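Novice: Residue-level listing of the chains:
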Amino acid sequence: MKLKLALHLGLLLIGFQVFGQSVSGNVSSNDEELPGATISIKGTANGAVTDFDGKYTLNGVTEGDIIVYSYVGYITQEIIYAGQKNIDISLEEDESNLDEVVIVNYGKQINTPISVVKADELSEFPNTDIGQALQGRAAGVQVTNGGSPGSQTQVTIRGLATFNNSNPLYVVDGVFADDLNSIDPSNIEKIEVLKDAASTAIYGSRGANGVILITTKKGKPGETKFNFEISTGFQNFNDRYDLLNTDQYVQYLREINTLAGRNGGPDDPVGVVNDNPSFDGNGIDTDWQDEFFKSNAPITNISAGVNGGTDKVKYNVAFSHLNQDGIYTETNFKRYTFNVNTDVKVTDFLEIGETLGVGWNETIFPEREGGRDPLFNILGSAPYLPVRSANGLFSGHDEEDINDSRNQIRIQNNRDNLRRRGNLLGSIYGKVKLFDGLTFRSQYSLNASIELTDNIDRAFEEDGRFSRNTNILTKRRVNDYRNIFTNTLNYSKTFNKHEVNGSLVYERIDRKIEVSDASGSNDVSPEIRELQLGANTTFTVPIEFVSYLGLFSYEYDNRYSVQFSTRRDKSSRLPKENQVSWFNSFSAGWNVSNEDFFESNVISNLKIRASYGETGNDTDNRLDPLVNDFNAAINGNFFYPVGGSLEPGFAPVSLNNPRKGWETQVKQNYGFDLGFLDDRLTFNFDYFNNDSEGLLVPVFLTSSTGIAGNLSTGTDQFRNVGVANVQGYEVTLGYNDNEGDFKWSAWANISSSETDVKKLSGLNDQLLFAQLNPPFEERLNRVAAGESLFHFYGFDFEGVYATDEEAALQLNNTEAAQLPKGGDARFRDVNGDGAITDEDRVVIGDPNPDFVYSFNLKGSYKGFDLGLLFNGVEGVDALNSNIFFLEGQRNVLNHGTEVLRRWQNPGDVTDVPRFRFGDDYNTSISSRFIEDASFLRLKNVTLGYTLDKKITEKFLKGALKKIRLYMQAQNLVTFTDYSGFDPEIAPFYGDTGTVVGIGIDRSAAPRPITFISGLQIQF
Amino acid sequence: MKTYIKILGILLSIGLIGAFVASCDDDVSVENKNDVSLDTFFITLSQIEGAANGCYAQLQSGGLYQRYGYIFPDAMSDEMVAGGDPNFAPFYRFEFTAQSGPIAQYWTSCYNGIGACNFVLDNEGLMRSNIATSDFTKADVDDVIGQALFLRGVYYYLLVKRFGDVPLKIEFSEAELDAPRSSTVEVYNRIIQDFEKATGLLFDKGATEEGRATKGAAYGMLGKVLLHRNEYDKAQTALAKVNGYSLLPIEEYEDNFNESGEFNDESMFEVTFTGEFGTETERWAQNGQGFAEQTFHSQEYTGWGNLKPSVKLDNEFEDDDPRRTVAYVKDDEKYGPNKEFTRSGGIAWLKFSQLYQQESVVENSGINVRFLRYADVVLMQAEVEYSLGNDAAAIGFLNQIRDRAKLPRYGTAEMDSRGFSVSTDEGIFKAIRHERFVELCGEQHRFDDLVRWNRDPEELAIFPDENYNNPDISQRRPRNYDSGVHRLMPIPQNEIDTNNAISSEDQNPGY
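From first to last, the protein sequence lines stand for chains F and W. The numbering of the first sequence is the working numbering, which starts it at 18 and goes up by one. The numbering of the second sequence is the working numbering, which starts it at 3 and goes up by one.
Be aware that one or more of the hints could be misleading.
Partner residues aside, some chain W positions facing chain F, computed with beta carbon under 8 Å [what the hints assert, rightly or not]:
| # | residue |
| --- | --- |
| 1 | E97 |
| 2 | H230 |
| 3 | P251 |
| 4 | Y255 |
| 5 | F293 |
FYI, nobody ran anything at the bench for these hints, they're computed from the structure. What you are looking at is a predicted structure, and each value in this text was computed from that prediction instead of being measured. Even glycine gets a Cβ: it sits at the ideal position worked out from N, Cα and C.
Please take these sequences and the hints and turn them into a complete structure.
Specialist: Here it is as structure tokens:
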């Protein structure tokens, strides 16, 4: 069969070319053959294609002809034919091939700045998830990791443009996906980031936050290849907060005890020192931080794959397993992935295939009790408490300590939280060639996941006040499945210098999310892990979505190109009359360097492009039982016991909201690509300007509306109230020197974006997000017109009053309910009315960076390769909640050594306010908690060595093709002024797991310094 | 072979295109099957009863009697002292602000309750027109409407006591409209109107299920509000219509505060709890929704000692008052069903704790709140008569309470010698104050009583701890109480922020 086809092909070529000589050879790249590369003679229709071993024969060549060797993703080479019989060519990968991409489901996409991360970059070192793999590698993409292993990574493309879910759309082999933890990064062929107007607009309402296309590895015809990789390493984090030791804390307690019953002091004496004045901690000095941090937390990654096929059937099979411990004790993430991709050419007009990715992961997050983040307990616990008391029980504070910190080590022990998640991402497709250039492609995809969350909260006895003899079991099951049916009619044809491309697409998504919550308790045994008698609630959220898309492009002579697209989306999430919206785009490009008049020895490439596009959004993607929330609904779960039995109670849970409609965004992009010295040096620049209107916001109705919802603020309602603008630029600079033994490359990118909220029409002049309670009752991220998105808002902290008189001098408004005294925080009286009131609050910080940047250096000499990746964030503020625990002094907790210099006596001049029990004046949201969290980090250093081919071939009778060993250090050095553990602040997750805030340091696990060594084998 | 594959290919291709054509569907509408739609409601008895049940649910929320409904008035009174929990300190010390989350919760719970009531009341016409075609009767509808009116009155009562002027929302159809603060007088008028109407619609106790509002409860609450409005004649009339209730004998007195004695002859309206809950999410939701039938009262007060009986209260009790050992326990005193346990760990409330039947408390309590009990009605009657100048009648009512406690009557030499002579008006008023203080301690009456008697500046100026009456005045700890400010709590900031009809200038003074 194979032979026949080659013969046919050969005959065909001979038939065309009866004159001239014949040349044959081999096309490869980095010692790998390239099957399917195109060889042509410039200015003629004569050409050839390499076979599965990368070999070709080209006939009809005459001396002086220019032979062009090209392959998608590689730099095209031209050779002037000088009569050789044999020409072997090695093509170089094109690092700057940014302006053209084929979106497998929709058609061809041109004139767009696309950042591509390729397989070899991804496989350089083990990434635990795809978000991390992207970090620092693509201009305009900001990646914030969640800290603890397995937590969600936030990826923001070109700045935040919505108040809602800002996650980009992920498309894996044409299947829409949310959870990428089920994909092994080493099985990815390439990741393309679509970010500009035209390319995101073809995804219409789904593309507003940018699109990340992930293409997994497909089978390649030729010899079967096996890949095997193993890496293992250790993670450590050695920074600690400087806390009071036992002597200092006991002394502190004595001082606090003298305040008991007085202004600012606790209501009751501090029992531990009051009842026993000679208490000295009994020689115990527990370092709770050391107890909580795990040293040398292991990480291991194994992956294996088989790739191969014939011209008819191609396949790729892969498996991977990751096992990572967290640096917080008893946290862990495990992932298993399986991937099978197959393509079959049934006939010359029909191709069918499938992609299948199955993932399973298990996560153990840090345990929380009483709504407290773990580190809050770690910082607050008294150092005079041992982890375990002499009687073997876990220790704990008793009531008289007036310290309500929990023993976090006990919490880790008596709670077993486990989240397991299975994910299936699969598709089958058929592609029919109808006529010359006209194809019909139909793809049916399934994205199904099940998430099992178990919280086993076992009964425990402790040597303190929090013992409990009940076992509480809580389980949540979320089933999320969606079918995506995509049909594309594509026409693609080249007439001389005219290239025409057009697609018509119909796409339908049917999705259903089913949630079941169950819990129960027993006093019998902590060994019972399942519910015998419990309560259960369920709800189902159906979502349907239909789209039509038209996409047309025209290119002339590789010089001028235009593209137009229009898309109609219809969503079930909106009221009937607002269900439909249209999204259009237009783009144009001019390849100046291909013009005849363009003559330059220096500039090898110059392309100018511009695009306009519309995108939108129909939801904030929250998992919420309110289906059709634009219709009033009544719910029966207002239970009340009547006549001795529990009866359902019905009450309204939402009001009619017929105005709910689409968020729309108009994007513009202007940019150019420049290549110098045969594209060795490349420079890309893009400017973008995105205007959003009708941003959907869950507007809090007045509490007096009387509809149940949030316990403090009542119900909310989606309204299209926001107007915002994002503008910014991206610059990428690259240099390649691939000649000689010493090869090196360097590239750097910098991106800046600024989000400006223009208007918040409607009920509110401000919106508040992200509640971290304890310790703060107020939400921490604010949105208001004329200000940056999610800024921090509060008082301007100016220091501490030295005396009562000093306070009274500034704040003399006798109408005020309470006036601060000496030792209290001095906030700026902005309106000068002699009292600190809400009107004195101002913008105190902006968690959006001025710019993010990264640079990458790579070099290789003989078998050695070295890579360095730096990434940085500049001009960003964070709200450091740890400051509350280090110096807040609202309760008799342990604190940082900062409190040793707190205000104690009139006249003390300090920056740490006095102890003030139970009152949050001094700990009001203020600039006291805001810090600059800019940083520059050496994210990655990798040193590798590939065994010389001659040596490799000596093993196993030449079966081995490649052996590479490498060592790597992650997060080795961080330059920052930030006082918290890690300036890379993990995203702030809400109750449903979505990101609801940014720049709030709530002590998520910091990024550890990781040392990894690995081995890659190919045979 | 090749031809065969080709034919297969053609068939597959046709199938592919066929599947596409067949599945082209533009309809995306989905149905909400999690909730009930308005179109099909109020047509069965279980639905209209369910709607009435929904009106009660907010009483169990975190903002009300799961937590803050008792914490606010108790912490602000002089019958309790706060323990170690910093969350109680702002209320105990009068240091709360408009940003307070608990205050917002209390406010929101009340309005959610009002919203549920208005939803029922707005559909009265629909229910009445459905009588002919459904399984419910006119009496059923009357009862449902009566309950909604009664509960709306209760929620507005809870609001007006804490906040004074509040937005008056009485139409569900206008739920979304921003309402300005209505004057306290208007709010009270609406409360009185609602209770009056409810008296004509509700069933008597015994004729309806335990837990539902009754005619007697409506008269009791009507009398209470009229008394607080100084409309003594009307109050006298309303309270006189409370019948069918009696004071329990002192041996059964503790049934007013425990789980086994719920809905006894003295009890007129209770907020019902069972101690049960569904999922953990529901248990902590605190918004009145979900299966969460537990209150944290017992754990907060008695378990963790966050609010404890004050020395001032302890001093108020006469030494031989048997109600004292039912109300709270002190160190080394006995407690439990057979007095087999000995208290250590300091003074603690027995009222509304499980210590009447076991050694320690449980976190999720099922003990009902006694929102209104007959002893309160009797004491209100005493106060009404006193206010109308009927001293003898007033003393008569007071002595009903004394008789039940098997204590000396007012007007006797014994009581005169204890400093409670009732020969003067002031003496009678003092007796009323004393009796309300001890009889109703720990039941959220004291702070509101002090305010309406104008005695709050005096009684709340000093923390009610062991030094409250220390002869050395410098040892007394002054409390940050300003009657010009702290009689009312601030309107929650989020209401001001979102309600266009209320601005910062409309905030209560001092906040």
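Novice: Now, for every hint given, state plainly whether the structure supports it.
Specialist: Hint-by-hint comparison with the structure:
Proximity of E97/W to chain F holds as hinted, the smallest CB-CB distance being about 5 Å (cut-off 8 Å). For H230/W, the interface hint is violated, since its Cβ never comes within 8 Å of a Cβ in chain F; the closest pair sits about 23 Å apart. Violation of the interface hint for P251/W is found here, the shortest Cβ-Cβ separation to chain F being roughly 25 Å, above the 8 Å cut-off. The beta carbon of Y255/W is not positioned within 8 Å of any beta carbon in chain F (closest approach about 23 Å), and the interface hint is therefore violated.
Against a cut-off of 8 Å between C-beta atoms, the interface hint on F293/W holds, since the closest Cβ of chain F lies about 5 Å away.
Of the numbered hints listed earlier, those contradicted by the structure are 2, 3 and 4.
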